[in-house]
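Starting from the given sequences, assemble the full structure and let the hints guide the process.
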Amino acid sequence: MNIPKHLEKVREVTITKEELIDFETKIAYEYNEGRIKAAIHLAKGNEDELIELFQYIHPEDWVFAAWRNHYHALLHGMSRNDLYKDILDGRSMSTSFKNFYTSSIVGGIIPIAVGTALALKLKRSDSKVWCFIGDMTYRTGIFYEAYKYTKNFNLPLQFIVEDNEMSVHTPTNIAWGKKQDIIPDDIIHYKYEMSYPHHGTGRFLNF
Amino acid sequence: MKLQYKSEIIKSMTWLGQKPDTIFLGQAIGYPGHAMSGTVEGVPTKKLYELPVIEELQMGISTGLALSGFVPITCYPRFDFLILAMNQLVNHLDKMQTMSKGEKRPKVIIRTSIGSKTPLDAGPQHTQNHTEAFKRMLTEVEVVLLEEPEQIFPAFEKAYSKKGSTLLIEYGEYYSTK
Numbered sequence: 001m002n003i004p005k006h007l008e009k010v011r012e013v014t015i016t017k018e019e020l021i022d023f024e025t026k027i028a029y030e031y032n033e034g035r036i037k038a039a040i041h042l043a044k045g046n047e048d049e050l051i052e053l054f055q056y057i058h059p060e061d062w063v064f065a066a067w068r069n070h071y072h073a074l075l076h077g078m079s080r081n082d083l084y085k086d087i088l089d090g091r092s093m094s095t096s097f098k099n100f101y102t103s104s105i106v107g108g109i110i111p112i113a114v115g116t117a118l119a120l121k122l123k124r125s126d127s128k129v130w131c132f133i134g135d136m137t138y139r140t141g142i143f144y145e146a147y148k149y150t151k152n153f154n155l156p157l158q159f160i161v162e163d164n165e166m167s168v169h170t171p172t173n174i175a176w177g178k179k180q181d182i183i184p185d186d187i188i189h190y191k192y193e194m195s196y197p198h199h200g201t202g203r204f205l206n207f
Numbered sequence: 208m209k210l211q212y213k214s215e216i217i218k219s220m221t222w223l224g225q226k227p228d229t230i231f232l233g234q235a236i237g238y239p240g241h242a243m244s245g246t247v248e249g250v251p252t253k254k255l256y257e258l259p260v261i262e263e264l265q266m267g268i269s270t271g272l273a274l275s276g277f278v279p280i281t282c283y284p285r286f287d288f289l290i291l292a293m294n295q296l297v298n299h300l301d302k303m304q305t306m307s308k309g310e311k312r313p314k315v316i317i318r319t320s321i322g323s324k325t326p327l328d329a330g331p332q333h334t335q336n337h338t339e340a341f342k343r344m345l346t347e348v349e350v351v352l353l354e355e356p357e358q359i360f361p362a363f364e365k366a367y368s369k370k371g372s373t374l375l376i377e378y379g380e381y382y383s384t385k
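Just so you know, the sequences run in chain order W and B. Position 144 of the first sequence, counted from 1, bears residue number 144 in the working numbering, the numbering being contiguous throughout. Each number in the working numbering comes from the position in the second sequence (counting from 1) with 207 added on.
Everything labelled a hint here was simulated from the structure, so no lab data went into it. Quantities reported herein were computed from a predicted structural model and do not represent experimental measurements. Built from N, CA and C at the ideal position, the CB exists for glycine as well. Treat each hint with caution, since some may be false.
As the list claims (entries may be wrong) - One-sided excerpt, in silico: chain B residues whose CB lies under 10 Å from chain W:
#1 Ile-230
#2 Ile-261
#3 Gln-265
#4 Ile-268
#5 Thr-270
#6 Leu-274
#7 Pro-279
#8 His-299
#9 Lys-302
#10 Met-303
#11 Met-306
#12 Lys-308
Structural data, given as structure tokens:
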């Protein structure tokens, strides 16, 4: 994983890899027991990268993530109880608290992240915006516009591409012909392998 | 006959421009380019934020600004162009209150205009009126059609003072006829 040299560690992450995995395992259990009447997207396999990354993210910074957002919310300070309750209430795909927001539309958070970064710049705030996207989203037109705008106007917005080489259940290099583009150095990029299906646990229906 | 429609819009923009938290954004807002450009002549230049033609990104930028305490007046000079921002408008701005359990309710003032057909007809891609369709699609964003001059200032005043976002629809033709 490439961390741009200008970034500094600003927070001690106390939640452990085992605690993250344990949280998702409990959610998977509740889902399999039929106690979650909504879609969920579970993470596993990117704990080390996220624990490393969130040491660079100040608690006052804004974080935007997508549908697979439980780890990000926990690492940015959402309490396990609150997140657990929200997920059981069917809100896994719309996790939100304080300076943390998500969208389950591909690329949906990107423009909002740009606007938040513009606001911080206009207010001369020291805070930053962090926007987590997947390798499919990275290849959308809205990302291209947003990245160009962010770079040209030097907005305090850091993009992170979490690359599982999948576009839902289709390999991204199949969907796009091939992954011929190179991700610029100023975008943080890491690869990981999915340990859960795109949504759910593989036990139930597709939605 | 004294024309009032455009002057009421200018009055509204000038009033909004005096508020400390407002910011005006869109393509040809800081520069001349379309009829709407001329309605922000009373707004301090430092509040006019020029954007490229990036309709969807513009709506998300407006939402992000509002999340951080600004009241953006985001301008789409034709209703036909606002269609390109539908994902951010319908799936995001309009759903944010529900998705955040009421915690996040950004205030965005969206301006758009039904393109004029006289004296020049701008054609089918520049003159559509989608008011009823937008009313059916939007649940949290209030939709207001500005038909009469006396409606205009109170509508913008309400859009600024109330919670949540408002879409205000103007008639381009009335700038020169009403």
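Outcome of the hint check:
| no. | hint | in the structure |
| --- | --- | --- |
| 1 | Ile-230 | 8 Å, holds |
| 2 | Ile-261 | 5 Å, holds |
| 3 | Gln-265 | 8 Å, holds |
| 4 | Ile-268 | 4 Å, holds |
| 5 | Thr-270 | 5 Å, holds |
| 6 | Leu-274 | 6 Å, holds |
| 7 | Pro-279 | 8 Å, holds |
| 8 | His-299 | 6 Å, holds |
| 9 | Lys-302 | 8 Å, holds |
| 10 | Met-303 | 8 Å, holds |
| 11 | Met-306 | 4 Å, holds |
| 12 | Lys-308 | 7 Å, holds |
The earlier numbered hints are all upheld by this structure, with none contradicted.
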